[in-house]
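Participant: As a plain string of letters, each chain reads:
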Amino acid sequence: MEKNNVREIIQNNIRKKNHFSDKVMPKFFLVMAFISVITTFGIVYTLIFDSIKFFSQVPIREVFSTNLNPLSKTPSFGFLPLINATFLTTIIAMLVAVPIGMAAAIYLSQFASSKLRKVLKPILEVLAGIPTIVYGFFAYSFVTPLLMKLIPSLGAKNALSPGIVMGIMIIPMVASLSEDAMNAVPEIMKDGALGLGSTKLETTLKVIIPASISGIAASIVLAISRAIGETMIVTIASGSSKNFTFDITQSMQTMTAYIVEFTSGDAGSGTVGYYSLYAVGLILFTFTLLMNLIAQYISRKYREEY
Amino acid sequence: MNEKINELEKKQARFDKDRIAWRIGLNNFAKNLFSLSTIFAVVVLGILLYQIVAESIGWLDWKFLTSNLSIFPEKAGIKGAIIGTLFLMMIVIPVTLILGVSTAIYLEEYATEGKLQRLVKVNISNLASVPSVIFGLLGLTVFSRMLGLGSSILAGGLTMSLLVLPIVVVASQEALRAVPGFLREASFGMGADKWTTIWRVVLPVSIPGILTGAILAISRAIGETAPLVVLGIPTLIMKIPTGVMDDFTVMPIQIYYWTLDTVLTPEYAYLASATIVVLLLTLFMLNLVAIIIRNKFQKTF
Chain A
1 MEKNNVREII QNNIRKKNHF SDKVMPKFFL VMAFISVITT FGIVYTLIFD
51 SIKFFSQVPI REVFSTNLNP LSKTPSFGFL PLINATFLTT IIAMLVAVPI
101 GMAAAIYLSQ FASSKLRKVL KPILEVLAGI PTIVYGFFAY SFVTPLLMKL
151 IPSLGAKNAL SPGIVMGIMI IPMVASLSED AMNAVPEIMK DGALGLGSTK
201 LETTLKVIIP ASISGIAASI VLAISRAIGE TMIVTIASGS SKNFTFDITQ
251 SMQTMTAYIV EFTSGDAGSG TVGYYSLYAV GLILFTFTLL MNLIAQYISR
301 KYREEY
Chain B
1 MNEKINELEK KQARFDKDRI AWRIGLNNFA KNLFSLSTIF AVVVLGILLY
51 QIVAESIGWL DWKFLTSNLS IFPEKAGIKG AIIGTLFLMM IVIPVTLILG
101 VSTAIYLEEY ATEGKLQRLV KVNISNLASV PSVIFGLLGL TVFSRMLGLG
151 SSILAGGLTM SLLVLPIVVV ASQEALRAVP GFLREASFGM GADKWTTIWR
201 VVLPVSIPGI LTGAILAISR AIGETAPLVV LGIPTLIMKI PTGVMDDFTV
251 MPIQIYYWTL DTVLTPEYAY LASATIVVLL LTLFMLNLVA IIIRNKFQKT
301 F
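Those protein sequences? They're chains A and B, same order as listed. Letter by letter, the first sequence follows residues 1 to 306 of the working numbering. Letter by letter, the second sequence follows residues 1 to 301 of the working numbering.
Excised from the complex, chain A in its bound form (with noise of 0.2 Å):
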């Protein structure tokens, strides 16, 4: 065959493939890409499957109460206990991270030097890096015994440490999402502040905030889906009380920390603790799942557009 005509060349290529991989290539990627959505599916589908499992078992009115006795011999499912310790963590851990994130928020995107900044940030996000079960051990074993030495009463596991500890671990989330809100703040409004004779305390309290407020509140409502979802750090130096009290200084257990109990632990597939579990979950992803439409919606809602 000629092979100094172009034009042959190019039809006699499309000839030869014909197009194989035009056809085939997108359905290919397009079924990778459902394997996230199935994912989806799958969790909402093993939860809401065993789940009703569950409820088909135990009253409704038991599942809302206070006693949470899984492993007796007439055990009883109150999931209040439960709902209540990682309700108390959670707002130890927000103590902690929104007033701390935010200052270092404000701190890099508003006061700090651009040399400044390229040192401080890294070392957050190496903060953001470490591993939750290395945190969960700092907690057990040095907040908590420094802990004990200002409160005498204090539990070897109890809620304030890891909640304390968890705050600490979040810190970093708070502060990116919030400095990159801050961040997006047009430099004009900012420069028109300064030039009217604010100084940066007050541009940053009466411009900036305001103006990123949206992005602000959605970090924080991430930071709480966050808290929400954290195991092992409360595993470890919470413990596993199911007690209903909010008496941070004593033992209790969260929803993550009771599914990773009775995993761990030998409840059979198929018994009524078994499914528990995936009430718990259930009750723990709607939860969460709730958070981050929270957070979407008063990102999308209550954006500034400049």
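It is worth saying that the hints were derived from the structure and are not from the lab. Wrong hints could be hidden among the right ones.
Stated by the list, open to error - Subject to a maximum C-alpha distance of 27 Å in a straight line, what follows is the list of computed DSSO-like cross-link-like pairs (lysine-lysine):
no.	chain 1	residue 1	chain 2	residue 2
1	B	Lys115	A	Lys301
2	A	Lys115	B	Lys4
3	B	Lys121	A	Lys301
4	B	Lys239	A	Lys23
5	A	Lys118	B	Lys239
6	B	Lys194	B	Lys121
7	A	Lys27	A	Lys115
8	A	Lys27	A	Lys149
9	A	Lys206	A	Lys190
10	A	Lys27	B	Lys115
11	A	Lys190	B	Lys31
12	A	Lys73	A	Lys242
13	A	Lys121	B	Lys296
14	A	Lys206	A	Lys121
15	A	Lys115	B	Lys31
16	B	Lys194	B	Lys79
17	A	Lys190	A	Lys23
18	B	Lys121	A	Lys23
19	B	Lys63	A	Lys118
20	B	Lys31	B	Lys17
21	A	Lys200	A	Lys121
22	B	Lys17	A	Lys200
23	A	Lys190	B	Lys17
24	A	Lys53	A	Lys242
25	B	Lys31	A	Lys121
26	A	Lys27	B	Lys121
27	B	Lys115	A	Lys23
28	B	Lys17	A	Lys206
29	B	Lys239	B	Lys63
30	B	Lys194	A	Lys27
31	B	Lys31	A	Lys200
32	A	Lys206	B	Lys79
33	A	Lys23	A	Lys53
Keep in mind it's a predicted model, so treat the numbers as computed, not measured.
Could you slot chain B onto chain A? The hints should help.
Facilitator: Then chain B, alone, in the frame of chain A:
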């Protein structure tokens, strides 16, 4: 009359001066407060690292890395956990890379704006914020029980792959998006079809970005504990895994059990610290590689 006005003006000036001094003082106070908050985070990181390294001294040596697990703290080592981690990565790396990059290619190159694309996008971002312990429940139900994989490396690896999938997808999407349009157009102009363009032009250019994301995903998988605990990894595994169907343990799991058992054997705290040092060094090295790739091979157009 004039004197009185002068007097008032002076008073006003003094008042203004005081007020400005107060505002500047407040500003400086706030600046220090904010910087202290930031420094607090750095100090905590310092204390954490110091504590753990200090506890590991005397326990972390070559013998610790190459010995099998033992109930005697002096003899115990993490050879099994290290090999388990390597095996786990043999599953996680190919599975997440193939799934993640394919999903990103679909979203960035093939998908047209519409419901399907939105569904996949929303789904990825929601999946990223599902608590890891829930992925454990998914793995327990689907991989361990339905597919009968038990608490094997394969079950753990597949569960972990799904968990870190969003990280790879988002990073790959960004890398693909950063490929300039003129490269694609040049390729099309030469008569290449879409797939050839992606395979020969777009992917080679975006590989540094994709690799950076993959390394971040791997470091997340190496440090993650909860899903594997939920899968029911046995407490004490003396046997070193030889295949993907074997039971296994990884470093975070080992840290978890040793921390729990410090009540019975206080020396386990040192073993946990030593394992944490190994784990953190591994993650540090991985991140270093990611930074080097990002700085060295990232092309800018």
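Participant: If you test the structure against every hint from before, which numbers come out violated?
Facilitator: 2, 4, 5, 7, 8, 16, 17, 19, 32 and 33
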